[in-house]
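Colleague: Taken in order, these protein sequences are the chains called L and V.
According to the working numbering, the first sequence holds residues 1 to 111 in order.
According to the working numbering, the second sequence holds residues 112 to 222 in order.
Quick caveat, the hints were computed from the structure, so don't treat them as lab data.
Every value quoted in this text rests on a predicted model; they were computed, and no experiment measured them.
Each hint should be verified, as a subset may be incorrect.
Some but not every residue of chain V turned toward chain L, in silico, with C-beta under 8 Å [as the list claims (entries may be wrong)]:
{"no.": "1", "residue": "Ser-139"}
{"no.": "2", "residue": "Pro-151"}
{"no.": "3", "residue": "Gly-154"}
{"no.": "4", "residue": "Tyr-157"}
{"no.": "5", "residue": "His-160"}
{"no.": "6", "residue": "Gly-161"}
{"no.": "7", "residue": "Lys-209"}
{"no.": "8", "residue": "Leu-210"}
{"no.": "9", "residue": "Ile-211"}
{"no.": "10", "residue": "Phe-212"}
{"no.": "11", "residue": "Gly-215"}
{"no.": "12", "residue": "Thr-217"}
Where a beta carbon is used, it is the ideal one built from N, C-alpha and C, also for glycine.
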Amino acid sequence: DAGITQSPRHKVTETGTPVTLRCHQTENHRYMYWYRQDPGHGLRLIHYSYGVKDTDKGEVSDGYSVSRSKTEDFLLTLESATSSQTSVYFCAISATDYGYTFGSGTRLTVV
Amino acid sequence: DAKTTQPNSMESNEEEPVHLPCNHSTISGTDYIHWYRQLPSQGPEYVIHGLTSNVNNRMASLAIAEDRKSSTLILHRATLRDAAVYYCILKVASNTGKLIFGQGTTLQVKP
Chain L
1 DAGITQSPRH
11 KVTETGTPVT
21 LRCHQTENHR
31 YMYWYRQDPG
41 HGLRLIHYSY
51 GVKDTDKGEV
61 SDGYSVSRSK
71 TEDFLLTLES
81 ATSSQTSVYF
91 CAISATDYGY
101 TFGSGTRLTV
111 V
Chain V
112 DAKTTQPNSM
122 ESNEEEPVHL
132 PCNHSTISGT
142 DYIHWYRQLP
152 SQGPEYVIHG
162 LTSNVNNRMA
172 SLAIAEDRKS
182 STLILHRATL
192 RDAAVYYCIL
202 KVASNTGKLI
212 FGQGTTLQVK
222 P
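With the rest of the complex left out, here is chain L (with noise of 0.2 Å):
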């Protein structure tokens, strides 16, 4: 959908290198939220925003950290990155009480 975006698409890392993944969107949504996705777990919160500078933790948020300095970007970074991050990440972004807006994704690949 246009008004979020995520980069990169796809990328290849090393096992101990931090990533950053990017969520940008145009919808002046308070609420932002990263998911990962990986076969037999379905979607997992990793951690979500209500607001800028305003973060908290999700379900699988160990070893994940973000950051969100102004409305409109979200950052994930993979402080170390593992093999177990390799995963598909997914931005989403709502408005209060209304369906989420999710993002095409980025394919992690940690080897």
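With chain L fixed as given, assemble chain V onto it according to the hints.
Modeller: Showing chain V alone in chain L's frame:
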């Protein structure tokens, strides 16, 4: 977060109606019922949501039981493009309410 129960998979014939069930016996009064679907190799897509009354939109209808312990997503005429994983999710109606995904129902549509 209250849990939902959905069948793992369902089949439908093209151009016939599809009724996707969801049980949520522990739903609380502030939980909205959300439905999303995920087509292959795409991010989840919002379908519909409701609180107590039945809801209709251009994609589907949502029928909610009077006691709110179950709901049904209705696709009025299935097309091959409707083949996807359908997720029924309860979301707390608050600023910190989040979508927590289960395993969903994989819908197969046969021509």
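Colleague: Each hint needs a verdict: does it hold in this structure or not?
Modeller: Taking the hints in turn, this is what the structure says about them:
1. Ser-139: Since chain L brings no Cβ nearer than about 15 Å to V/Ser-139, farther than 8 Å, the hint is violated.
2. Pro-151: Violated, about 12 Å.
3. Gly-154: This hint holds: V/Gly-154 lies near chain L, its Cβ roughly 3 Å from the closest one there, short of 8 Å.
4. Tyr-157: Holds: closest Cβ of chain L sits about 3 Å from V/Tyr-157, inside 8 Å.
5. His-160: With a minimum Cβ separation of about 6 Å from chain L (threshold 8 Å), the hint on V/His-160 holds.
6. Gly-161: violated, 11 Å
7. Lys-209: holds, 6 Å
8. Leu-210: holds, 6 Å
9. Ile-211: Holds - the Cβ of V/Ile-211 comes within 8 Å of chain L, reaching about 7 Å at its closest.
10. Phe-212: Holds, about 4 Å.
11. Gly-215: Nearest chain L Cβ about 7 Å off; hint holds.
12. Thr-217: Constraint on V/Thr-217 not satisfied, violated at 11 Å.
Hints 1, 2, 6 and 12, counting from the list given before, are not met by this structure.
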